[in-house]
Amino acid sequence: MRSLFGEGRHPDADRLVAEQLAAGKKPAAARRAGALGRKVKVTGAHLVFRPQPTLQLLWALGDEETRKAIEAAHERAIALVLAWIEDDAAVIRYGPQGIHRTRPAHGLVAARFRHYEARSGMPLLHDHLLLSLKGLRPKDGVWGAVHSTALLESAVAASALYNEVVMAEVCEALGLASEPRTVTPGRRPVMEVAGVPHELIRWTSRRSAQIAACLTDLEHEYVTATDDDGNLKFAPVVSERARAKLNRIAALKTRPAKPRPRSLTQLRQDWRDSARAFLAAGADIIDYLLERARAAAPAIRARVAAVVDVGLAAVAVTATVFVTNKDGCFHRRHLLAEARRHLALVQRGRRREPGLDEMIVKTAIAAHCTDITEARTERGEEPDYRLYTARWAPHGPSPARRRPTAAPDHGADREPPADPAGPLLPLEPGEWDIPRVPLLHDRAVIASTVLSARLRSALRTGRDPYDVFAHQQAAMPEQLLLFGQEGRPARKKAGPVDVAALRTGLEALELTADQLSRLGRAGRRLRKDSNQRAHQAAAGSAPSAQGAPAAEQDDADGAHPVRQDNQQAHRPQEPGPYRGRDAGH
82 MRSLFGEGRH PDADRLVAEQ LAAGKKPAAA RRAGALGRKV KVTGAHLVFR PQPTLQLLWA
142 LGDEETRKAI EAAHERAIAL VLAWIEDDAA VIRYGPQGIH RTRPAHGLVA ARFRHYEARS
202 GMPLLHDHLL LSLKGLRPKD GVWGAVHSTA LLESAVAASA LYNEVVMAEV CEALGLASEP
262 RTVTPGRRPV MEVAGVPHEL IRWTSRRSAQ IAACLTDLEH EYVTATDDDG NLKFAPVVSE
322 RARAKLNRIA ALKTRPAKPR PRSLTQLRQD WRDSARAFLA AGADIIDYLL ERARAAAPAI
382 RARVAAVVDV GLAAVAVTAT VFVTNKDGCF HRRHLLAEAR RHLALVQRGR RREPGLDEMI
442 VKTAIAAHCT DITEARTERG EEPDYRLYTA RWAPHGPSPA RRRPTAAPDH GADREPPADP
502 AGPLLPLEPG EWDIPRVPLL HDRAVIASTV LSARLRSALR TGRDPYDVFA HQQAAMPEQL
562 LLFGQEGRPA RKKAGPVDVA ALRTGLEALE LTADQLSRLG RAGRRLRKDS NQRAHQAAAG
622 SAPSAQGAPA AEQDDADGAH PVRQDNQQAH RPQEPGPYRG RDAGH
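In this note's numbering, the protein residues as written are 82 to 666.
For the record, the hints were derived by calculation from the structure and aren't laboratory data. Check the hints yourself; a few may be wrong.
In silico BS3-like links for lysine-lysine, alpha-carbon gap of 25 Å or less [claimed, not checked]:
1. Lys314 / Lys326
2. Lys120 / Lys220
3. Lys314 / Lys334
4. Lys407 / Lys443
5. Lys339 / Lys326
6. Lys106 / Lys120
7. Lys120 / Lys107
8. Lys407 / Lys326
Label pairs and their in silico Cβ distance ranges [to be verified]:
9. Leu313 / Arg341: 44 to 54 Å
10. Ala386 / Gly436: 12 to 22 Å
11. Val223 / Asp298: 50 to 60 Å
Beta carbons are placed, not taken as given, at the ideal position from N, Cα and C, and that holds for glycine.
Could you put the whole structure together from the sequences, leaning on the hints where they help?
What follows is the structure, encoded as structure tokens:
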């Protein structure tokens, strides 16, 4: 291991070098006998696989049969992820500037070992895997280095695959179902086993509480830090990128020493005693965790469609990736990771068909994406490095982002600087103790829901689903995200979003009550702003010669017999100036 993972050389390099020296070879030639290709800086990758918290609870507190079933599913998921890495993610570059790429001929070498507990002493089944970045080229039999950057770029897609597979394998083996759980408001929900009480997750999350407390102090220092002149050193709000860095700092600052080793049998007994003490009067629930989860599964599984609608999945995945990626540009790997998350959400623990994630990605690229690659090298021409944007995205260069306009605060000394991280959802007073930039997942949910509804309407009416202006409005509503180009004001988009219909779609996704509440507050602001604009537009309309509004005069003269119908067909969920919520529809 020291030779292979530490130096990137043959595992028996010392023996091979000694044999060559004994045969009279020079030291340089003898050393080449133990080499695996050229010397590189990065010789291995460290991967960690761990199931979701509710699976950890069933594994730690359940009986032996449950424990073995979860461990078996955990190992099958790891094997599947490693097979995907070997077949699709691991590449060996060779030739001038690495222009040629090939897959390792016989796979990769990996060393895996298992831990059962976290540093806090709480249950945490996880496997560490050291992956050697050395592989054999198939054509010439020469050893080469696996491209570490390409492997790192596939880490999110690999993580999404493991999370999806381990949950599906456990649910199929034990007759369970999964449900989304919001850990952080505004972030993507985590799929957990339905029926397992979330209070027990708080029992295991001692490290999380310590990190959260330290993170609050670090965020306060971040937004209040000043230089010698009294100016802010960083920013008045905590962006998503800054929050991630501060979270890593907090994790390191609160990291305890490893506990004294104990056998798994002793660990499981200690965990059961600790969980009973934590629940106090409700301690009996520990003996029926699996039964509770099995009782919750039939109702959830009954609502899962037998066949996944690939078309709707493709538009939802594209909309989410478009909104959450910088400037609306993304690669194929982003679509693949989101497709796997989407399947985990809609399948609710059912095992899906192999290759369904790839099918969704192909459909998304073919039907909803535009290739905007400006390849300057042969590497840029490869499918994995093609650059895409959504078909409903604005044409031309990526416009600059700015905040939605707000009423001026005459009591403030100066306005805060524009936030380069992007726009803000409106916040309730006192919603954040520390100013933070809200995350993008809420906007992504809105975009995918509205666009899916538009696609259904287009399929019913037979009209072209790609009305560029309508899709721009759906993917980036004016109230949430305004675009402006240098020298030109931001373009106004016609028609508001029907918040009532939108909320119905969100509830169909079975989001958490907290996330629905947050989106509901944003939706009420959308409705209020749209009504105000509608009244202003109606008040500013000039009457015709007969005293009728201009819109009515157009209809009477028959000059534009289908314009209003066409606009409404492309925006079926949006009320026009005379189709508000009080219009009787």
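TODO: Check each numbered hint against the structure and report the violated ones by number, ascending.
DONE: Per hint list: zero violations.
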